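Sequence order for the protein chains is A and B.
Take the first sequence: its position 2, counting from 1, is numbered 1151 in the numbering used here, and each next residue is one higher.
Take the second sequence: its position 148, counting from 1, is numbered 347 in the numbering used here, and each next residue is one higher.
Don't take every hint at face value.
In silico DMTMM-like links for lysine to aspartate or glutamate, alpha-carbon gap of 20 Å or less [said to hold, decoys possible]:
| hint | chain 1 | residue 1 | chain 2 | residue 2 |
| --- | --- | --- | --- | --- |
| 1 | A | Lys1399 | A | Glu1363 |
| 2 | A | Lys1399 | A | Asp1384 |
| 3 | A | Lys1305 | B | Asp334 |
| 4 | A | Lys1201 | B | Asp286 |
| 5 | A | Lys1201 | B | Asp334 |
| 6 | A | Lys1201 | B | Asp320 |
Quick caveat, the hints were computed from the structure, so don't treat them as lab data.
The structure displayed is predicted, hence computed values, not measured ones.
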Amino acid sequence: MTAKTTISLICFIGFTAAWMGSCLKKESPVVAPGTLKLVVPSNFPPPEDIFKNNRLTKEGFELGRKLFYDGRLAKDGVTSCASCHQQFAAFATFEHPFSHGINNQFTTRNAPGLFNLAWHRELHWDGGINHLEVQPLAPITAPNEMGETIGDLVSKLNSNSRYREMFRSAFGDPEVTAPRLLKALAQFMGMLVSSGSKYDKVKSGLAKFSQAEESGYAIFLTKCGSCHKEPLFTDLSYRNTGIPPDPILKDIGRMRITRLREDSLKFKVPSLRNVMLTAPYGHDGRFFSASAMIDHYRTGVQAGPTLDPRLRYGLSISNNEKADLLQFLGTLTDTAFVKDSRFKDPG
Amino acid sequence: MKKNLCRLLSLSAFLLLSGCAKETSVENDARLLRVKFHVTANGESLKIGEEYINTFGEDFRVSAFKIYVGGFRLENENNGIVAALNDAYFLLDLSKENSLVTDLRLNEKPFSRLVFQVGIDSILNVSGAQAGALDPMNGMFWTWNTGYINAKLEGSSSFSRNDDKAFTYHIGGFRSGEATQRIVRLSIPGQQEWVLEKSGYTEATVSIDIDQWFRSTHDLPISSVSNMMIPGPVSVKYADNCATMFNMENIIRR
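Given these sequences and hints, build the entire structure.
Next up, the structure:
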């Protein structure tokens, strides 16, 4: 056999194998991913349709969970989503006004807790993100957060056989692509539902408020509840709560997105669920305790053209009322959520 | 004998491969319209890094030019749509020659205009992660303020207001009042109607004149705007100019 024939034969075998590989792959049995359902708490409104083009599956969720805890998503190979979104802090950053990105850099806003995201049409303090699926692009590519490019991330994961196997289980094809990676992360984040607080138990008749909590709840309803609206404890709007802008950061909030003057210094109303776990508070984390946050509303509100009219005179809350209010806010802690093994680092 | 064997083997390999590829063909009856985009400046092919002069007399060199086109359709004289490919988007990238050739499979009805959109539909800007040409990996997506960059032009000019003499234009925006998607209608040159034949294919050459980026509907000299990377009124002006860059140079049967 001449060299030429040998080469042709090798080519032929190679081609045939490639053809069989590409064509037969479709027929080889792919185990259908297990369907997963977003459980909507009985006292919650219907969620946003965030899984419309992203079928929730056990495999997709598990892939998203692995990605969430994986430092490979960052340029330095160490900083994961979970570095700044810690489960024990209801997926906020514990005791940090700003989180740490790669190379000891700081973020410029306080990392919010992650839960009940399926009820949010817009994300981030300024609402700049309009779909949960595309949210991770922001922290992954921000130079002061994870500092990675999507192209490099996709190729890193594509060279990892464990990931290829997981992408195959979740999407029927081992290729790691940006939209698949984002959809998997959205499945994990969208499934983070927190509705097991004492407040919820009281609401469904399974527990009772103490006297202080009960009185705190009444104060909450008159002073806080119109913006931190039940049952999500946010009305999802953007408001200027009279926090003076930081002279260095000069954060204009919502105006950065809408470019409208009337949105200057407005930030998204954060949920008060798990509030006792998510200190510090405010968009730049300048209030180190819930007590300090309430004091801002009592005496610190700064006037300005876009200040929420409800806060024009601040909030009159007596010391006794404040103590009861704090007791009530404590009932919004969902201990089961922060210990839920489904959301833990899969290791 | 051995030679024949080789041929036979390569032929069977070819058949096997093409047999597999066939599964992806769109419509059995569709005819091929190949649109070749040709980026020009000062009336010649634009080359990355070469110097050109815009109509304000400003020198400029382009380091990157990318633009989304999609929603291709064919229209007749009465603006009636005779064929449409609503969902297909293409990212034209000056640095990737094959990205400038788009193959459209459409039906054979007579048409007199090639119509397409420049930029991405607003609905796709709010529907989460997209794949293919719209994959955020292509770098045409704002990560902190969700939305597609519909057109990107980067380069340098001695007229730039920046210290490093660079200019950067990332044009996009889909919200009401800030929309940057535009419709482009190109008539068949010198002829009323065209029919896509079953045999062979039709090739249309569409030029994209970068000179129009700076000056057509609006005057946008580099010396007045050297950076534009957010949606808003100025991006809207660039989008208006973008829509005038396209021109069908010729259409031929192949």
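Outcome of the hint check:
1. A:Lys1399 to A:Glu1363: violated, 40 Å
2. A:Lys1399 to A:Asp1384: Violated. Lys1399 (chain A) to Asp1384 (chain A) sits at ~25 Å, over the 20 Å cutoff.
3. A:Lys1305 to B:Asp334: holds, 17 Å
4. A:Lys1201 to B:Asp286: holds, 18 Å
5. A:Lys1201 to B:Asp334: Status holds; Cα separation ~18 Å.
6. A:Lys1201 to B:Asp320: Roughly 18 Å separates the two Cα atoms, so the pair holds.
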